[in-house]
Amino acid sequence: MTKTILKTTDLVREYDLPRPSIFSKQSRLRVLHGVSIELAAGQSLGIVGESGSGKSTLARAVMGLERPQSGEVNIAGKDIYALDRSGLREARKGFQAIFQDPYGSLDPRHTVRTIISEPIVSLERGTSTAERERRIAEVLEAVGLPLASADKYPHEFSGGQRQRIAIARALVTRPSLIVADEPVSALDVSIQAQVLNLMMDLQEKLGLSYLFISHDLGVVRAITDRVAVMHLGRIVEEGPTNEVFDNPRHPYTQALVAAVPKPFSGRRKRVRSDGPPQTPVHTATTAAGCAYAAVCPRRQEICLTRTPEAKPVTPAWSARCHFA
Amino acid sequence: MTNPLLHMAGMSVELSAGKSQVDIVCDIDLELNRGERLGIVGESGSGKSMTALAVMGLLPQRMRVRGELLFDGRNLAGLPEADYCGYRGRRVAMIFQEPMTALNPVKSIGAQIAEGRRLHLGETKTDAEKKARALLDRVGLPAPRFDLDLYPHQLSGGQRQRVMIAMAIACEPDLLIADEPTTALDVTVQAQILDLLDELIEDTGTALMLITHDLGVVSEMTDRIAVMYAGRIIETGRTDDVFAHMAHPYARGLFAASPHAAALAPRPTGEGRPRLNAIPGIVPDPFGRPPHCSFAERCSFAEADCRQAIPALDLINTDEHVPHRAACFHPRERMVAP
Chain D
6 MTKTILKTTD LVREYDLPRP SIFSKQSRLR VLHGVSIELA AGQSLGIVGE
56 SGSGKSTLAR AVMGLERPQS GEVNIAGKDI YALDRSGLRE ARKGFQAIFQ
106 DPYGSLDPRH TVRTIISEPI VSLERGTSTA ERERRIAEVL EAVGLPLASA
156 DKYPHEFSGG QRQRIAIARA LVTRPSLIVA DEPVSALDVS IQAQVLNLMM
206 DLQEKLGLSY LFISHDLGVV RAITDRVAVM HLGRIVEEGP TNEVFDNPRH
256 PYTQALVAAV PKPFSGRRKR VRSDGPPQTP VHTATTAAGC AYAAVCPRRQ
306 EICLTRTPEA KPVTPAWSAR CHFA
Chain C
18 MTNPLLHMAG MSVELSAGKS QVDIVCDIDL ELNRGERLGI VGESGSGKSM
68 TALAVMGLLP QRMRVRGELL FDGRNLAGLP EADYCGYRGR RVAMIFQEPM
118 TALNPVKSIG AQIAEGRRLH LGETKTDAEK KARALLDRVG LPAPRFDLDL
168 YPHQLSGGQR QRVMIAMAIA CEPDLLIADE PTTALDVTVQ AQILDLLDEL
218 IEDTGTALML ITHDLGVVSE MTDRIAVMYA GRIIETGRTD DVFAHMAHPY
268 ARGLFAASPH AAALAPRPTG EGRPRLNAIP GIVPDPFGRP PHCSFAERCS
318 FAEADCRQAI PALDLINTDE HVPHRAACFH PRERMVAP
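In the order they appear, the protein sequences are chains D and C. Residues 6 to 329 in this note's numbering are what the first sequence spells out, letter by letter. Residues 18 to 355 in this note's numbering are what the second sequence spells out, letter by letter.
Just so you know, the hints here were simulated from the structure itself, not pulled from any lab data. Cβ coordinates follow ideal geometry from the N, Cα and C atoms, glycine included. You may find that some hints are simply not true.
Restricting the straight-line Cα-Cα distance to at most 25 Å, the calculated cross-link-like pairs of lysine to any residue (SDA-like) are [to be verified]: (1) D:267 - C:205; (2) C:148 - C:129; (3) D:157 - C:305; (4) D:30 - C:171; (5) D:210 - C:290; (6) D:12 - D:208; (7) D:12 - D:75; (8) C:36 - C:305; (9) D:267 - C:341; (10) D:267 - C:200; (11) C:148 - C:188; (12) D:98 - D:203; (13) D:267 - C:201; (14) C:124 - C:146; (15) D:267 - C:171; (16) C:147 - C:200; (17) D:157 - C:62; (18) D:267 - C:291; (19) D:267 - C:113; (20) D:8 - D:179; (21) D:12 - D:39; (22) D:98 - D:55; (23) D:8 - D:115; (24) D:267 - C:146; (25) D:157 - D:115; (26) D:267 - C:295; (27) D:12 - C:290; (28) D:267 - C:240; (29) D:210 - C:295; (30) D:157 - C:297; (31) D:98 - D:65.
FRET-style restraints, in silico, Cβ to Cβ [said to hold, decoys possible]: (32) D:149 - C:291: 13 to 23 Å; (33) D:108 - C:329: 31 to 41 Å; (34) C:33 - D:94: 48 to 58 Å; (35) C:304 - D:315: 19 to 29 Å; (36) D:115 - C:219: 48 to 58 Å; (37) D:310 - C:173: 24 to 34 Å.
The whole structure should be built from the sequences, with the hints applied where relevant.
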């Protein structure tokens with residue numbers, strides 16, 4: 006068995022809701038309902054789900070930016086929320102992030118050199134200037150940007166090049182885990198392919214692990230080995246990417262896969278639905294029953310009374326549905 | 018058969034920046050008949066949104082339409098603003114990409130939907146609101162949950178897009194322009210909105226101009242497509258036909274680069290992931306477009322003549338009386354495997 010780089014156990018994250026009046030009881034919204042994921046070294050795990058499913062909250066919890074109310078985040082064998090400040094700073098060298106918006110995530114008033122060297126400056130104090138320059142040159146070369154880019158400003162680059170700068174910044178501390186939250190959603194198709202290819206090349210060359218968050222099933226399919234489908238704060242299906250997308254077991258995954266418009270499929274086959282479309286919403290507490298039951302075509306009595314457990318389909322594939 | 022509803026011939030959109038002038042969109046020849054569905058596909062900077070804004074008369078200042086832009090026989094290029102107001106919203110309506118920013122946050126949704134009818138059709142407030150109620154029901158936002166006096170911030174993204182659609186169809190326009198109507202939405206919501214659009218077009222018989230970068234959406238929603246690159250149409254024809262024999266290397270490249278294509282190809286179970294077929298390089302910016310085929314620099318089939326002249330939209334074949342044209346000196350011939 007390969008080494009596990011990232012393991013979360015029963016992550017629960019709740020947010021306080023605003024009180025209608027100062028005398029009313031504080032109510033809370035549970036965004037992560039006990040999420041457990043595991044990512045082996047050198048592998049990539051995709052998290053897919055719609056907006057509001059909690060996938061970005063999960064990413065923030067993994068990055069140590071959002072302390073969960075309960076549960077553990079283990080990165081390379083260390084519980085990051087149990088570390089003290091200096092311990093966490095040391096651990097942060099091992100995991101870095103790439104964000105969605107290549108325009109908003111780079112400071113427009115810093116040169117590329119300053120942007121890329123920031124993780125070294127804050128996490129590896131005492132690194133010599135010569136060493137820093139060497140590392141900057143190394144990552145710029147790795148992402149395919151000319152060395153002269155270091156003295157330019159972000160506005161001089163196109164969207165795809167900016168995302169390369171963001172990747173260079175993430176690589177500069179030589180991490181083993183990269184959390185990428187919608188890294189290519191803001192890019193055009195032809196540029197998106199360039200960045201995805203670069204990410205795959207770097208993964209193979211440097212042995213990186215990716216936690217890859219996206220709402221685009223096609224992108225996730227192209228880059229990940231395993232995928233976890235999130236729905237309202239729970240992982241409803243997890244397994245090898247190809248098998249899950251080719252033959253989804255959970256009704257929510259099936260709905261997602263069916264909803265993607267495909268070229269060559271000819272004119273849309275419409276499902277005329279009666280009444281308003283329904284969307285399940287987050288519940289403040291952990292009510293009994295399946296969260297997807299409200300719209301599920303396979304709903305039975307049991308779905309409303311018992312919360313389904315993750316059932317194994319194969320040893321490496323599980324779905325959280327009574328009828329999977 | 019009468020005149021086409023929309024007829025563009027040699028239409029360009031010109032941007033003047035200081036003393037220099039540049040064509041953001043060049044030489045568009047396009048026709049759209051009543052009840053027809055046309056898709057315009059391209060990446061950012063290809064000029065697809067500018068083409069739509071030209072039809073709507075909503076081009077930014079400093080931009081000007083040259084050439085012919087006929088709507089129902091009348092030339093819209095250079096039409097005074099006062100005359101345009103009679104078209105916009107009445108005969109041509111537009112659905113914008115961002116339902117969060119396109120709706121007025123301080124007006125109720127009822128007032129926003131009724132506004133068009135009161136303005137264009139001179140209806141009274143009561144009549145227009147009655148109609149607005151019916152429209153909200155039509156787009157799947159029934160009373161009493163979705164009251165006319167709700168404000169946009171009380172609705173989700175998909176619901177706001179439904180309100181936008183209700184506004185657009187309020188005056189029963191002849192042409193509906195949808196600029197990336199579902200790009201900001203989740204896939205399941207996208208499917209609902211596309212179903213709704215499809216149903217409305219079928220029921221009302223309005224023509225649709227759908228602008229998108231998503232090849233899946235365009236394939237499922239349209240009869241004809243035009244693929245744009247660097248301000249020009251580089252391939253056009255019946256949607257099925259273009260998808261089956263993409264002749265222009267850019268159209269092929271765009272398709273091959275999309276994860277759709279990767280998902281279609283069964284992945285070998287062995288080691289390693291196949292790379293996506295990225296198109297090298299970037300889209301040339303409008304001020305630096307070459308005097309020859311603008312895709313030549315990125316094209317793997319480019320030959321000497323590609324760097325000498327701009328190729329014309331030549332006929333490839335004719336499918337069900339619709340010509341399939343591509344602007345390439347060396348069009349590809351092999352079928353694209355579905």
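To see whether the hints hold, each was checked on the structure:
At most 25 Å may separate the alpha-carbon atoms for a hinted pair to count; residue 267 (chain D) and residue 205 (chain C) meet this at roughly 14 Å. Pair hint residue 148 (chain C) plus residue 129 (chain C) holds up; C-alpha atoms about 12 Å apart against a cutoff of 25 Å. In summary, the hint linking residue 157 (chain D) to residue 305 (chain C) is supported, as the alpha carbons are separated by about 21 Å, within the 25 Å threshold. Note on residue 30 (chain D) and residue 171 (chain C): the hinted pairing holds, with a Cα-Cα distance of about 23 Å set against a maximum of 25 Å.
Note on residue 210 (chain D) and residue 290 (chain C): the hinted pairing holds, with a Cα-Cα distance of about 13 Å set against a maximum of 25 Å. A C-alpha spacing of about 19 Å is found between residue 12 (chain D) and residue 208 (chain D), which places the hinted pair at or below 25 Å, so the restraint holds. Straight-line distance between C-alpha atoms of residue 12 (chain D) and residue 75 (chain D) comes to about 14 Å, which keeps the hinted pair within the 25 Å bound. Using a Cα cut-off of 25 Å, the hinted pair residue 36 (chain C) and residue 305 (chain C) holds, with the two alpha carbons roughly 16 Å apart.
For the hint linking residue 267 (chain D) to residue 341 (chain C), the alpha-carbon distance of about 22 Å falls within 25 Å, and the restraint holds. About 15 Å separates the Cα atoms of residue 267 (chain D) and residue 200 (chain C), which keeps this hinted pair within 25 Å; it holds. Distance hint between residue 148 (chain C) and residue 188 (chain C) is fulfilled; the C-alpha atoms sit about 10 Å from each other, no more than 25 Å. A C-alpha spacing of about 21 Å is found between residue 98 (chain D) and residue 203 (chain D), which places the hinted pair at or below 25 Å, so the restraint holds.
Restraint check for residue 267 (chain D) and residue 201 (chain C): satisfied, since their Cα atoms lie roughly 18 Å apart, inside the 25 Å limit. A hinted pair counts as satisfied when its Cα atoms are at most 25 Å apart, and residue 124 (chain C) with residue 146 (chain C) qualifies at roughly 14 Å. Taking the CA atoms of residue 267 (chain D) and residue 171 (chain C), the gap is about 32 Å. The hint is violated against a cut of 25 Å. Taking the CA atoms of residue 147 (chain C) and residue 200 (chain C), the gap is near 31 Å; set against the 25 Å cutoff, the hint is violated.
Of the supplied pair hints, the one linking residue 157 (chain D) and residue 62 (chain C) holds, its CA atoms being roughly 23 Å apart against a limit of 25 Å. Taking the CA atoms of residue 267 (chain D) and residue 291 (chain C), the gap is near 20 Å; set against the 25 Å cutoff, the hint holds. For the suggested pair residue 267 (chain D) and residue 113 (chain C), the alpha carbons sit about 23 Å apart, so the restraint of at most 25 Å is met. Taking the CA atoms of residue 8 (chain D) and residue 179 (chain D), the gap is near 18 Å; set against the 25 Å cutoff, the hint holds.
A C-alpha spacing of about 13 Å is found between residue 12 (chain D) and residue 39 (chain D), which places the hinted pair at or below 25 Å, so the restraint holds. The suggested pairing of residue 98 (chain D) with residue 55 (chain D) is violated, with an alpha-carbon distance near 30 Å, which exceeds 25 Å. Simply put, residue 8 (chain D) and residue 115 (chain D) have alpha-carbon atoms about 38 Å apart, too far for the 25 Å limit, and the pair is violated. At most 25 Å may separate the alpha-carbon atoms for a hinted pair to count; residue 267 (chain D) and residue 146 (chain C) exceed this at roughly 39 Å.
Annotation: proposed proximity of residue 157 (chain D) to residue 115 (chain D) holds, straight-line Cα distance about 9 Å (limit 25 Å). Between residue 267 (chain D) and residue 295 (chain C) the alpha-carbon distance is near 19 Å, which keeps this suggested pair within the 25 Å criterion. With a CA separation close to 24 Å, the supplied pair residue 12 (chain D) and residue 290 (chain C) stays within the 25 Å bound. Simply put, residue 267 (chain D) and residue 240 (chain C) have alpha-carbon atoms about 15 Å apart, close enough for the 25 Å limit, and the pair holds.
Using a Cα cut-off of 25 Å, the hinted pair residue 210 (chain D) and residue 295 (chain C) holds, with the two alpha carbons roughly 19 Å apart. For the suggested pair residue 157 (chain D) and residue 297 (chain C), the alpha carbons sit about 22 Å apart, so the restraint of at most 25 Å is met. Our distance criterion of 25 Å between C-alpha atoms is met by residue 98 (chain D) and residue 65 (chain D), whose separation comes to about 16 Å. Checking the proposed 13 to 23 Å range against residue 149 (chain D) and residue 291 (chain C) shows it holds: the Cβ atoms sit about 20 Å from each other.
A hinted range of 31 to 41 Å holds for the C-beta pair residue 108 (chain D) and residue 329 (chain C), which are about 37 Å apart. Evaluation of the 48 to 58 Å hint for residue 33 (chain C) and residue 94 (chain D) yields a pass: the beta carbon distance comes to about 54 Å. The hinted range of 19 to 29 Å is not satisfied by residue 304 (chain C) and residue 315 (chain D), whose Cβ atoms lie roughly 56 Å apart. One distance hint, 48 to 58 Å for the beta-carbon pair residue 115 (chain D) and residue 219 (chain C), holds here, with the actual separation near 53 Å.
Here the CB-CB span from residue 310 (chain D) to residue 173 (chain C) is close to 28 Å, well matched to the stated 24 to 34 Å.
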